[in-house]
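Participant: Letter by letter, the chains look like this.
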Amino acid sequence: MAEKKSLTIILHSGDFDKAMAAFILAAGAAAMGMTVTMFFTFWGLNILKQGGVKKSKLSKMNMGGLGTIMMKRMMGKHNVASLGQLMKDCIELDVRLVACEMTMSLMRVSKENLIQGVTEIGGVGTYLKAASESHINLFI
Amino acid sequence: MAEKKSLTIILHSGDFDKAMAAFILAAGAAAMGMTVTMFFTFWGLNILKQGGVKKSKLSKMNMGGLGTIMMKRMMGKHNVASLGQLMKDCIELDVRLVACEMTMSLMRVSKENLIQGVTEIGGVGTYLKAASESHINLFI
Amino acid sequence: MAEKKSLTIILHSGDFDKAMAAFILAAGAAAMGMTVTMFFTFWGLNILKQGGVKKSKLSKMNMGGLGTIMMKRMMGKHNVASLGQLMKDCIELDVRLVACEMTMSLMRVSKENLIQGVTEIGGVGTYLKAASESHINLFI
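Chains as they are written, first to last, in numbering that gives the first Met the number 0: chain W, 0 to 139; chain V, 0 to 139; chain Y, 0 to 139.
Derived from the structure by calculation, the hints contain no laboratory data. Source: prediction; values computed, not measured. Be a bit skeptical, because a hint or two may be false.
Each pair may be met inside one copy or between any two copies, as identical chains are not told apart.
Unchecked claim - Under the rule of at most 27 Å between Cα atoms (straight-line distance), these lysine-lysine pairs were calculated in the DSS-like manner:
| # | residue 1 | residue 2 |
| --- | --- | --- |
| 1 | K59 | K110 |
| 2 | K3 | K76 |
| 3 | K3 | K53 |
| 4 | K87 | K56 |
| 5 | K110 | K76 |
| 6 | K4 | K53 |
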């Protein structure tokens, strides 16, 4: 029997397009039966905050918010799942969502500020343990 | 006999310096006999468009285009291969160049707009399959 | 006996928050007994230059330097090690610090401009050899 494959993603960026890429990869991998761990640190932690998804902007061509709106419109038109929907899919598919403890201290974010799907709060050791046993490790 | 090593790269960025890094790694790995797959998504897809290499700019210190021009001049002076040359090398060395299907829809890019060396159009599953069997996986 | 785990990081970015993430990961992994190689290229090479740590700025919310100052103040308050301290820890823990030869040529950086902890100057082949034998490979 083939070994179960696994993926870890550090989401350091809070940009909309980077978060989209991270959740498309995570949801795709989980749907294919892979074990997936996501670790949210620095700006990436914002995505896990209540209301954080709505605030994220494109890393390029944002044009005062217009670029992000246009991108979302194009996504809807082409049946690409929204960032919020992808996150729900990931939670449903048991993707492990780890919030970085150090970033929470630095940015004064408490557990109550985070969305419900967050599975745990952890540090660099939590990430390194998962990554050292995984097949694909990405920093986004 | 040693196992053949393999590298995958997701190029999400369209920045000149990030694309340079990606193609230097890919060409180097292919020249060393490694199997290489590059997956072009979001802004990274622009690099695969006809004329796309010329439009890419430095992620920092672009200074209205001047920084990019200076960097290219320094590269020429120090015998660093140009981005266009590195892409030709990669195609010659059988690097697999995969264009992201979803990004093509979102950005209204058709197959005819892409350079000739593109080997296929694929999705997240195409990438995950290659990456789960590779030794080095990078997100750039 | 379990195999010794290993981590490689390409630091392409010169941003303060990206460098922090890289050195937190490297120091953490080395402290856990992992073999760690860091490869500094493009803007990331600036971090290895004498005085380079002090010049690095946040990738977002820098606000003319104010954001970086505030972040450093919060780090001090919450007992997060400074970037300079993390680099010292990495050197003490035998993290291999490789400066990219091509970037040194392009940016006219000589060996004398680099900090003392740099263990070697190398190219893409040096990186690929280390990464193809490592468990975790990140591009930051």
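Participant: Confirm or reject each hint.
Facilitator: Status of each hint after checking the structure:
Taking the shortest Cα distances, K59 and K110 sit within 27 Å of each other only across copies (24 Å), while inside one copy they are farther apart (31 Å). With identical chains, the CA atoms of K3 and K76 are never at most 27 Å apart, being 35 Å at best within one copy and 42 Å at best between copies. Taking the shortest Cα distances, K3 and K53 never come within 27 Å of each other, neither inside one copy (34 Å) nor across copies (42 Å). Taking the shortest alpha-carbon separations for K87 and K56, only the intra-copy value of 20 Å comes in at or below 27 Å, while the best inter-copy value is 34 Å.
Proximity of K110 and K76 under a CA criterion of 27 Å is satisfied inter-copy only: 20 Å between copies versus 35 Å inside one chain copy. In this homomeric assembly, K4 and K53 never come within 27 Å of each other (Cα to Cα): the closest approach is 32 Å inside a single copy and 39 Å across copies.
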